[in-house]
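From first to last, the protein sequence lines stand for chains Y and W. The first sequence: position 235 = 235 (UniProt numbering), numbered continuously. The second sequence: position 250 = 250 (UniProt numbering), numbered continuously.
Keep in mind the hints are simulated off the structure, nothing from the lab. Watch out, some of these pointers could steer you wrong.
Computed cross-link-like contacts, BS3-like style, restricted to lysine-lysine with a CA-CA straight-line distance of at most 30 Å [unchecked claim]:
| # | chain 1 | residue 1 | chain 2 | residue 2 |
| --- | --- | --- | --- | --- |
| 1 | Y | K561 | Y | K532 |
| 2 | W | K184 | Y | K666 |
| 3 | Y | K627 | Y | K346 |
| 4 | Y | K90 | Y | K115 |
| 5 | Y | K627 | Y | K114 |
| 6 | W | K96 | W | K184 |
| 7 | Y | K468 | Y | K627 |
| 8 | Y | K666 | W | K240 |
| 9 | W | K95 | Y | K666 |
As the structure is a computational prediction, the values presented were derived from the model and not from experiment.
Spelled out, the chains give:
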Amino acid sequence: MKDNCICVLMVCCVCNTPLHGLDFFVFLCFSDVNSNSVAQKIYVEVNNTVPCVRLLNATHQIGCQSSISGDTGVIHVLESEADLEWPLTKGPNPPYMILLESHLFTRSIMMKIKKESSRIAGVTVVVPNTSPSEFSPHTTCPNENTGVYSDTYGPHLAHCNTTVWNPLGNGLSYEEFDFPVFSLKEDKQCYYDHNRVVNGSAPQYPLCAMQLFSHMFAVTDTATCMRRNDVINFSINPEMVCDPLGDFNVWGSIRPYNRSQLGHRDNESVVMAAARLDSRAFFWDVSTGAEGSISGFVTLLAAAHALRDVTQVAPPTHNILFAFFQGEAFDYIGSSRMVYDMQNGKFVIDLDNVHSLLEIGQVKRLVDNFQSSATGANFSLVEPGVSQPLPPSSLQRFLRAQNIPGIVLADHRAAFNNKYYESYYDNADNLNLRYPPNMTAEEQLEFLTDTAMALTEVATVVARALYKQAGGDGTQVDNIKADSKTVTQMLFGFLVQANNSWFQALIPPELKDMLSDPPDFYVGVASSSPAKAKPLTRLVQFLLANLTGTATNLTQDQCQKPDDLPDESVQMYSYLWVQGTVPHNGTEKGPFCVRASVRLSQALSPAFDLGEYASRNYSTWTESRWKFIKARIFLVASRDLEMLTLGVGVAVLFSSLLVTYFISTKADVLFSSAREPASAAY
Amino acid sequence: MTAAVFFGCTFIAFGPAISLFLFTIARDPLRVIFLIAGAFFWLCSLLLSSLVWFITVQISNKDSSSQQKGLLIFGVVLSVLLQETFRFGYYKLLKKANEGLLMLSSEETMPISIQQLAYVSGLGFGFMSGAFSVVNILADSVGPGTIGIHGDSQHYFLSSAFMTMAIILLHMFWGVVFFDACEKQLWWSLAVVVSSHLLVSCLTFQNPQYVGSLVPTYIIMFLMGLWAFVCAGGSLRNLKFCLTCKDKDFLLAHHRPR
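Using the sequences plus the hints, can you model the full thing?
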């Protein structure tokens with residue numbers, strides 16, 4: 001970190017206390033960090049800022065950008081849409097920084113601001129406490145260009161010509177703004193003190209202003225930024241400008257596969273079950289996707305858990321492979337990569353080995369009005385007619401490559417039931433996750449919510465369907481039941497508090513810091529090694545391993561190197577050392593080694609491996625890099641006062657130059673009395 | 001507050017000092033050397049007072065604000081006394097150096113008189129003191145914000161700049177009077193210089209009532225300026241000659257052949 005300290009006095013750093021005006025002789029030390037008390041008197045740093053960042057794909061750049069030295073604007077709190085007139089046209093002190101309440105964060109207001117952006121320095125949205133009635137910043141037709149429907153295949157179904165999946169979508173996430181947009185906690189005190197507009201007259205200087213820094217390095221599109229990335233190999237100071245989005249897919253199977261044998265397997269027919277892991281929001285890194293993705297993959301995890309025992313007792317004819325895809329929100333990064341790997345013999349099976357695929361989409365409302373006393377399934381599955389296209393799902397990527405029988409399980413016939421698709425509000429409240437008041441976190445972890453019971457029902461149905469599809473013994477089907485306790489613990493962990501005792505028991509002791517709150521489901525930039533996968537992905541990996549694998553008696557050293565033992569093989573299984581529960585009262589279970597056929601496979605779009613950065617077939621999403629992101633509030637003075645200061649300074653300089661010139665030329669005369677005695681000495 | 005304020009305050013604070021340097025000191029390398037040496041002596045006094053300050057702050061009770069305030073006053077007084085002590089030390093050093101220079105040089109008269117040394121050393125003290133006072137404030141004035149969000153006065157930058165200008169000029173005047181008093185063994189003059197320095201420093205405890213600190217400081221500056229003018233050989237008669245442009249006749253009339 002650069003250190004601007006001009007601490008000439010090495011020992012000291014007594015900072016300047018202007019309160020007593022000791023400024024002019026007390027030693028001072030000013031550095032970048034917060035020891036400079038003059039800066040502390042001017043600026044108030046805003047904590048917990050959430051920016052909107054720039055993302056690029058083959059053709060566009062979306063998101064927000066600030067100028068390299070930050071954008072400063074006089075704060076204006078917007079009261080209604082009509083109030084936009086003040087900052088956009090009437091206000092006398094441009095540029096303005098508009099502060100929006102979350103209910104005013106709509107497409108029409110943002111588009112109006114975008115049009116007049118010369119007078120607008122930026123927009124800040126106040127973090128809301130309650131959700132609006134509906135809000136989805138995603139497009140109306142998610143992933144429309146990378147699905148199975150195109151102009152050549154089912155054109156009447158492509159581009160949402162038949163069914164608009166997300167009718168509430170306002171597309172804000174996919175717009176480009178050339179000013180910064182931040183999400184901050186509410187802080188209007190400064191505005192009320194200085195900037196209020198009283199009876200249409202302009203407020204007096206000094207005014208309260210805010211400065212936002214979120215300068216993004218990448219521009220134009222992915223091909224441009226990847227080209228610029230390559231150029232830096234020849235420069236002394238390499239600085240990348242963007243990174244591809246991606247992460248790792250989690251997959252596991254009932255019967256293990258030897259991971260050194262890739263490509264087609266003879267006489268192998270696998271039933272696949274898929275769900276998506278990720279979601280996104282308008283602002284960076286704050287997405288949850290409770291209804292959009294969590295409901296799906298939690299159900300699949302519970303189904304996998306339900307199948308563990310029965311598949312050991314009565315193994316089905318076909319193998320069952322569970323796949324959890326990352327990056328599906330961005331043109332199917334994970335599933336397109338898996339299909340690509342299957343096509344090119346880089347995965348343990350081939351597309352010809354896939355018997356059928358069952359995908360779990362948004363399933364929250366499959367069980368409305370759950371009755372706790374009923375035992376049977378409380379919902380019926382309806383198949384829409386063939387005129388109905390498939391919703392955006394990973395199955396579409398498989399169908400693009402090969403005709404595979406598949407099912408997408410969802411709670412909506414046509415348009416989504418989810419009112420907050422890919423938005424910040426798709427959280428625990430949207431899933432109606434309610435806990436009785438006055439419960440500790442541990443009690444809430446164990447409490448069986450209605451939502452959990454509902455999803456357990458769905459998981460049971462899914463597990464039974466998978467077993468039957470895989471040719472399992474019909475008599476065993478009724479024994480398959482998903483565990484509602486597991487489901488409710490998973491829902492609590494993913495939506496309320498990840499750092500709970502159950503999750504801690506499932507992961508290695510050294511990864512405890514991974515469980516940070518609040519959990520975040522944005523796919524993020526790709527990393528090269530599985531050890532650096534996103535916490536969510538690793539959590540799902542450990543969950544799947546614990547729920548479908550077996551506990552072994554191996555010691556920690558044996559768990560690291562199981563090949564030394566005759567019965568274990570690291571090619572067939574993965575061995576994970578987990579914390580285990582620490583029960584009270586004596587019986588120390590302690591850490592143990594889990595053996596599971598669960599692996600991570602890279603979820604990076606094939607476009608980046610192939611170098612086709614302008615590809616139309618694969619996802620080309622990248623995220624720009626930036627230096628720092630921060631916001632600060634301060635007062636600004638009027639331009640007149642600043643010019644006056646400059647004028648006074650220049651006047652002082654010139655007059656002192658004149659006077660000094662006068663004195664120095666007449667110095668002999670002016671100071672002659674001192675020499676007179678000397679010259680008078682004879 | 002942006003570049004306009006930055007340049008305005010820099011010119012206010014350092015305008016007179018820069019013009020004095022340009023017109024009277026820059027041409028003569030010997031004066032430049034003594035100016036920098038003077039600045040260095042001031043810096044040494046600052047080092048010493050900061051050492052003492054640092055130690056006392058470390059051993060004091062950081063939570064008690066009255067103790068901290070008392071410590072601040074102690075620090076101010078100590079620093080002023082140390083500065084004046086170092087000024088005296090510099091005077092002694094210059095006397096010795098002058099004898100040495102005289103022995104080395106081939107001319108008969110001293111290359112630089114003690115009055116000029118007084119002026120140059122005072123200005124050196126002033127430069128360094130002004131730099132330490134105001135540079136960090138100027139650095140923060142470049143940014144887009146101005147003081148005030150926590151309720152402080154808005155005129156902070158401007159009054160700091162004016163105060164710095166006064167301090168630089170005051171150091172110069174104090175230097176002249178101090179050396180003159182040392183030459184003529186007038187100890188009461190010395191005491192007045194030291195006490196006026198103490199007074200000006202303590203006046204700053206009035207901030208943020210800037211009127212209360214700036215106005216008396218400027219009054220003291222004018223008074224010291226007059227005194228320094230007289231010590232340096234000026235008089236009302238000389239001033240009248242200059243202003244009415246009769247200086248050339250004066251020089252001709254008083255020119256003594258060697």
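field: Unsatisfied constraints (hint numbers, rising)
entry: Hints 3, 7 contradicted; others consistent.
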